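*Asks:* Same order as they appear, the protein sequences are chains A and B. Those letters in the first sequence? Residues 10 to 424, by the working numbering. Those letters in the second sequence? Residues 10 to 424, by the working numbering.
In short, the hints are calculated from the structure, not lab data. The hints are all genuine.
Copies of the same chain look alike in the list, so a pair counts if it fits in one copy or across any two.
Pairs of lysine-lysine residues, derived as DSS-like cross-links and limited to a Cα-Cα distance of at most 30 Å, are as follows:
1. Lys180 / Lys149
2. Lys85 / Lys205
3. Lys205 / Lys156
4. Lys379 / Lys303
5. Lys205 / Lys180
6. Lys73 / Lys205
The structure presented is a predicted model; accordingly, all values stated were derived computationally and were not measured.
Protein chains: 2
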Amino acid sequence: MKSLQQLARRGALPRYTAPRAMPLNRSGANRLWQRSFSQTPAAASQLAALDASKLSITKTTTPKEVIPPKELVFGKTFTDHMLCIEWTAEDGWHEPRITPYQNFSMDPATCVFHYAFECFEGMKAYKDKNGQVRLFRPDKNMARLNKSSARIALPNFDGEALIKMMGEMVKLDSRFVPEGRGYSLYLRPTMIGTQKTLGVGPPGSALLFVIASPVGPYYPTGFKAISLEATDYAVRAWPGGVGDKKLGANYAPCVVPQLQASSRGFQQNLWLFGEEEYVTESGTMNLFIAVKNKETGQKELVTPPLDGTILEGVTRDSILGLARERLVPKGWAVSERKMRMSEVVEASEEGRLLEVFGAGTAAIVSPVRKISYKGNLVDCGLKENEEAGEIALSMKNWIEDIQYGDEEHQWSYRV
Amino acid sequence: MKSLQQLARRGALPRYTAPRAMPLNRSGANRLWQRSFSQTPAAASQLAALDASKLSITKTTTPKEVIPPKELVFGKTFTDHMLCIEWTAEDGWHEPRITPYQNFSMDPATCVFHYAFECFEGMKAYKDKNGQVRLFRPDKNMARLNKSSARIALPNFDGEALIKMMGEMVKLDSRFVPEGRGYSLYLRPTMIGTQKTLGVGPPGSALLFVIASPVGPYYPTGFKAISLEATDYAVRAWPGGVGDKKLGANYAPCVVPQLQASSRGFQQNLWLFGEEEYVTESGTMNLFIAVKNKETGQKELVTPPLDGTILEGVTRDSILGLARERLVPKGWAVSERKMRMSEVVEASEEGRLLEVFGAGTAAIVSPVRKISYKGNLVDCGLKENEEAGEIALSMKNWIEDIQYGDEEHQWSYRV
Chain A
10 MKSLQQLARR GALPRYTAPR AMPLNRSGAN RLWQRSFSQT PAAASQLAAL
60 DASKLSITKT TTPKEVIPPK ELVFGKTFTD HMLCIEWTAE DGWHEPRITP
110 YQNFSMDPAT CVFHYAFECF EGMKAYKDKN GQVRLFRPDK NMARLNKSSA
160 RIALPNFDGE ALIKMMGEMV KLDSRFVPEG RGYSLYLRPT MIGTQKTLGV
210 GPPGSALLFV IASPVGPYYP TGFKAISLEA TDYAVRAWPG GVGDKKLGAN
260 YAPCVVPQLQ ASSRGFQQNL WLFGEEEYVT ESGTMNLFIA VKNKETGQKE
310 LVTPPLDGTI LEGVTRDSIL GLARERLVPK GWAVSERKMR MSEVVEASEE
360 GRLLEVFGAG TAAIVSPVRK ISYKGNLVDC GLKENEEAGE IALSMKNWIE
410 DIQYGDEEHQ WSYRV
Chain B
10 MKSLQQLARR GALPRYTAPR AMPLNRSGAN RLWQRSFSQT PAAASQLAAL
60 DASKLSITKT TTPKEVIPPK ELVFGKTFTD HMLCIEWTAE DGWHEPRITP
110 YQNFSMDPAT CVFHYAFECF EGMKAYKDKN GQVRLFRPDK NMARLNKSSA
160 RIALPNFDGE ALIKMMGEMV KLDSRFVPEG RGYSLYLRPT MIGTQKTLGV
210 GPPGSALLFV IASPVGPYYP TGFKAISLEA TDYAVRAWPG GVGDKKLGAN
260 YAPCVVPQLQ ASSRGFQQNL WLFGEEEYVT ESGTMNLFIA VKNKETGQKE
310 LVTPPLDGTI LEGVTRDSIL GLARERLVPK GWAVSERKMR MSEVVEASEE
360 GRLLEVFGAG TAAIVSPVRK ISYKGNLVDC GLKENEEAGE IALSMKNWIE
410 DIQYGDEEHQ WSYRV
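Only chain A is shown next, with the shape it has when bound in the complex:
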């Protein structure tokens, strides 16, 4: 089975320079496609690329009040400005604009409302001790957004250009970037299809936009371990599906299983996959499990592999990188491998389960105390008076040190 990435590398995937109206379900559709695909790469390259040098800025005349840091709620209030870039199949990327934060005016037939042509990223801007604003591995977010958009026939873009322009926006709105560990400006780059017709086909127009929301610490009073409910009646992702892309499509279907878990007192659900009940993700976070090997006693930090059923998390990748650099010399094994729920249960029962934590941009790490599974509560290794294990704690500190510039590191990007 060839992956879409393989196909793309081989040039087998279309260049998404399809004509505007794309009535796939009409008899003339095939001719239209053929016309579209006969475009030479040369013709495609005449389309305008995303160009940061063309950025225009219109400042707000009604600046908002900055919310006191203690009152911040994730994704509820936004800064004064937003970044918008339109794309059309005829012309490519239009001139980028920073404007006052404002509503979109959209035709009810716009394809984003009907067929989920939408993908996004979550990333943060941090103020270091000198007041300098920094991003964390923004190139990873750009690469992933391009993978996501290609999978749903939305256009690709120059990631460096977008990072540059987000930097301009963050500088313009820097008074909204809260100071202090745990505080940051959450950035939400989003791409949506904007074609105003109901035929199912590649959108002939799109909009790339970035909004920003100041946020406080995920755990305002220090870590608070959560408990998970293993979900066996719903499946989030599958091989050959799109669960490894950051598409809107992956999120709405997650809410009912989360509500289910929550109604029984669990903060998140744990997605199992297949008859083998492989652990995959926790809610919308990647999952890490620290166990002692049954035979050798060696400590091992395990996370599920990128097999198409989990998101390619930036925090996941950072934790793996740091673990290989800083835990392996201490004797740890670090593995991207499949792990059955039964293996987690066995390790717990034998006292070999050291810790379990979720990983994502919002919390960095989210320690897990218990997992509800087939009517039993699986103990994940935390002591009763403990809210986080040693590895989760170290990872949070190591990553924050880099994010807030207390450790100079190539992952930190100065705006």
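Guided by the hints, dock chain B onto chain A, whose structure is given.
*Replies:* Just chain B now, kept in the frame of chain A:
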């Protein structure tokens, strides 16, 4: 494994009367959920139901020109009016409004742009020979929309009330309902989440809207058989997933495989499932296969079963109903069963494959000539000078007879 439907019947699913701000990824989230779920059914029932008697109508002052029937393109032009009903978790359904067709004004943080809180229906209004406008089995669309919305934590509604109000809208815009067989007014009921925050949780507000687009025949010059490419590198749906719901989430990811098929000259792709390569759907249509039994020679009309990997199509259900009523007495077997691609290939090779066709609201039936599979072209039973098989042809005529009121039938609903 319990299905969500089973859970819902047992009252285990929440009532979606969750509070407005639902920051699942903050530490206080669980308390919020618990408060939400402790609402008694009595409290929930105090929320306003969808009430057709409260419908207000604001007529357009700038009526559009009606497009000549021959120039109609599916989903490209719309009628003068639209129907909108807002919902909030606090109050339930607000007063329904028919207004001039107009743009939405939406905050860029609205959850429909980020997490694909969106589901829809496709249905048609037909003018009969007396000029009376009719719908076709609208109750089925309403039931399905309610199933779809519940699966993504959007509210349910009274389907009869919505049918009534769509009737009002169609009457108001009746000059846009084109006359003649094959012509109709396509109706697109859609529900979207409208909460303006980035936390992933059940939307505290939603919008149910209906827009309408006049459409011409799918095959303006008579049937034109299509060819399919079997897709083995991408998977549309999975048991326990949401592929059986009419969610926006299921559509954007289908476009690249369609483009792939199209780039090699095939009008649609054919979704296979699993190692067994079960046939499931063709593009966005259900699939029917007519074969002769190897041993007995009995003719059998087969369609894949509702196992969660295919959409519960209204046309599919209608074809099954008519087949059981009209083909079984003629000696046919009618089966909802899994069918491997290898069984289709074998039947073709042995001259037992009678016909293959897609089924959906747009075309009713869409005959298939060939399927590209592992480098071979599988002949689907049509003669060279034939564009449709006997069963596809009969089904189209039988269903159109009912849709256009030439046969009186309980499936036809007078507006």
